[in-house]
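Participant: Each step along the sequence shown adds one to the number in the numbering used here, with nothing skipped, and position 354 is 354.
Fair warning: there could be bad hints in the mix.
Calculated lysine-lysine pairs in the DSS-like style (CA-CA distance at most 27 Å, straight line) [what the hints assert, rightly or not]:
1. Lys49 - Lys155
2. Lys139 - Lys162
3. Lys49 - Lys121
4. Lys63 - Lys155
5. Lys162 - Lys63
6. Lys139 - Lys49
7. Lys502 - Lys515
8. Lys121 - Lys155
9. Lys139 - Lys155
10. Lys63 - Lys84
11. Lys63 - Lys121
Label-pair distances were calculated between CB atoms; the ranges are [what the hints assert, rightly or not]:
12. Ala163 - Gln518: 53 to 59 Å
13. Ala496 - Ala163: 36 to 42 Å
14. Gly326 - Met419: 17 to 23 Å
15. Glu39 - Asn233: 54 to 60 Å
What the hints contain is simulated information worked out from the structure, not anything from laboratory work. Positions of the beta carbon are idealized from the N, C-alpha and C atoms, including for glycine.
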Amino acid sequence: MNVFKFLVSGLLICCLSAAALAPVYALTVEEARNLATGETESRITALTKAVEAADEKTFALIKAMSEDSAKIAAGRVLIMQDDKLIDAVTGAVVALPSDAEDVVSNNRLRGELESAIAALKLFSTNVQDRMEAASSLLKEPDPGRLAMLERALAKETDAEVKAKFLLAQAAVRLGSQDAQLRKDAAIMLGANHTPETVLLLNQRLSDETDPLVKSAIEKSLREIESSLKLGENLGALFTGISLGSILLLVALGLAITYGLMGVINMAHGELMMIGAYATYLVQALFQKYLPHFFDWYLLLALPVAFLASAIVGAILERLVLKHLYGRPLETLLATWGISLILIQAVRTLFGAQNVGVENPSWMSGGIQLLPNLILPYNRLVIIAFAAFVLLAMAALISKTRLGLFVRAVTQNRPIAACMGVNTARIDTMAFALGSGIAGLAGAALSQVGNVGPDLGQGYIVDSFMVVVLGGVGQLAGSVYAALGLGVLNKFLEGIAGAVLAKIMVLVFIVIFIQKRPQGIFALKGRSAEA
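All chains, please: the whole structure from these sequences, using the hints.
Facilitator: Shown next as structure tokens:
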């Protein structure tokens, strides 16, 4: 008897365990048929019911219907999966019946299907899908999805996704009839510092009647807006430093040529353009002949860009500029004419349209510090590259024989010539060096924008402003001027707009130069007093 009771008890426990482990919902033939056939209203009703307690088979059917890969034959709904036709209910592979018809969905039903798929992603095995589904609900809360969200929340194991689910739950509860739930939701949403949350809370605030809930919403809004303001300011600072690093690269070469020879080189921007197009050509060669090593094309593009611009600069100095030293107006007009020739030559070779230069994969994406602050990798690399070029230039000027000769000619050309320095050769080498640095600037610029024949025109005026403001021939002055102008310009853009910001910066420079003509750092030596 005891053995009999033991067996009955064990059987009962097994049955209860099996019932507990059995799925709460399973797609039936009738439910699949209701989703695939009938009037639009009845199909939407069936879809809503299916979504509320969906399983994997339901999700597969809904997805197939949205992709027009569902069929119906003899009352059975069939779907295409991995080039196989399977029964939507049993999952068995079947042959295509001769009487099979496509499941047709109109635009309204398609919209409902897309919404259902977005909600069902809450149960996806892919973490990214679940994050996207939670973000979608956070932006557009749907009370009808609350039960599904809570089921997904109970099953979630990933901490980051769970936090996102909780925020989405709070966003849905913000429209609850219960004032305490709305208050708790407003407090929780205060931790989500995004512009979308600000919009959501503002919408609720306009309809809120309970003073305690309204106070909680206003407090959360103040916290979020304070965080967003910090992100905006840090973003403007980073963008200004990024712009300053680009201006520094462009102006470094100009500081050498203008400081050494007094040449107002209006073709400096076009030398930069040559470096950008050299980068484009190297990229094209890698895409065609070395596609597996494409991520490393910049390692070859940088020296190629430097050499291409340096060679053009040396030819320009030997053929034209050496005959015009001491005549700044003629030099300005001649280099301006050369810049037009270079622009037209590039248009003839590459066309007038911009060409695209792709970032290597390791320069794509960015670091997200705040919800509204992302630091792009390509900008970070350019800032680091500008610092590297600056340090290399400083070492070259202060530690090498060429640098010694350059400094000597800069400070007193006649005395340097009397001491045996070949000033003509130094002029050519220095001009080639400055032109090569312009080519490096072009290679860097190709990573943040399109490359076109007019690339250099947008930077020539700003680079001259950096050189003049920093002090002619002074690398330290160029650094301060480039970073200062970049940051100042970006902050003024946020206040007055891009055009007025440029005007205000120009007015500032004019006033500064009137008060201090030698720039931030004065040139040392007897030539400074000449």
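Participant: Check each numbered hint from earlier against the structure, then list the numbers of those it violates in ascending order.
Facilitator: none
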